[in-house]
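Assemble the whole structure, with the sequences as input and the hints as a guide.
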Amino acid sequence: MGEIVSEAEDVTVMDMEASIEHLSRGTVRHVDALLVVTEPYYRALETARRTVPLARGLGVNNIFAVANKLRSAEDERAVRDFCRHHDLEIITAIPFDQNVTQADLRGQSLIDFKPDAPLVAEVMRLAATLRERMLNHGSSADKFLSKPNC
Amino acid sequence: MKIGISGKGGSGKTTISATLARVFARQGASVLAIDGDPNPNLGMALGLKPETLEEVRSIPRGIAERKTDEDGKMRMELKYSVEEIAALHGIAAPDGVRLLVGAKVEAPGAG
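Residue numbers (my numbering), protein chains in the order written: chain A, 1 to 150; chain B, 1001 to 1111.
One thing to keep in mind: the hints can contain errors.
Claimed, not checked - These stretches of chain A come out as covered by chain B in the derived footprint (C-beta under 8 Å, 3 or more residues):
no., stretch
1, 37 to 50
2, 62 to 72
3, 106 to 120
To be verified - Partial list, computed: chain A residues near chain B (C-beta under 8 Å):
no., residue
4, D10
5, V11
6, T12
7, V13
8, E17
9, V28
10, H30
11, V31
12, A33
13, L34
14, V123
15, M124
16, L130
17, L135
Hints are computed from structural coordinates only; laboratory data are not their basis. Cβ coordinates follow ideal geometry from the N, Cα and C atoms, glycine included.
Structural data, given as structure tokens:
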């Protein structure tokens, strides 16, 4: 156990709860980047619209939209129009990928079920973009969650 | 680098979170994946087997304590570092990702 404790985590990925209330509870202000996953549907865009100013108000500087489940050029245009209107950068656009449902039905991870799935390919690109964009900004270590006496 | 992933239920945020964690791990990063959803399913998305998923416990409440923010708001503060908690309560997932199911840490401060 000892070596695990002292080992520095390079990357922390936090899957946050669906509602936006968590944004006022302390954890989000310590992220280096907040990805807001959105779909080309009114309610998903509406959730994104409410999340972004809240996160900005908490001092999160790097907020990006991930446009997911795009089935057509029209879908993509709808999300792009929305994000432009709300001054939100789309960091990744992911096509609708039926492998996600297939993997889920089998209780498997997508990357194991279909390593060359479109979503996996886009997330690989996303990882490269995040590395490039964030690591140059000097990510602040050890402040994701509050620690005592520091 | 700490990345938070938010979005409506069903938007695909859990699949994206899990895939991102696995991709970073395959590139050699040491990856901690935190499931902050009250209905946790990041474990399955990361590729944990059903029998492993049954062993997944949430972080016990005792490791967090109530603190009052500078702006007067109550919040939960961890008594240990995330690394210590990951070592004690983390679960080993494929590609060396460590999973922490953290919903219970947040829950007591809700409302």
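Output the indices of the hints that this structure fails to meet, ascending. Of the numbered hints given earlier, the structure breaks none, since each of them holds.
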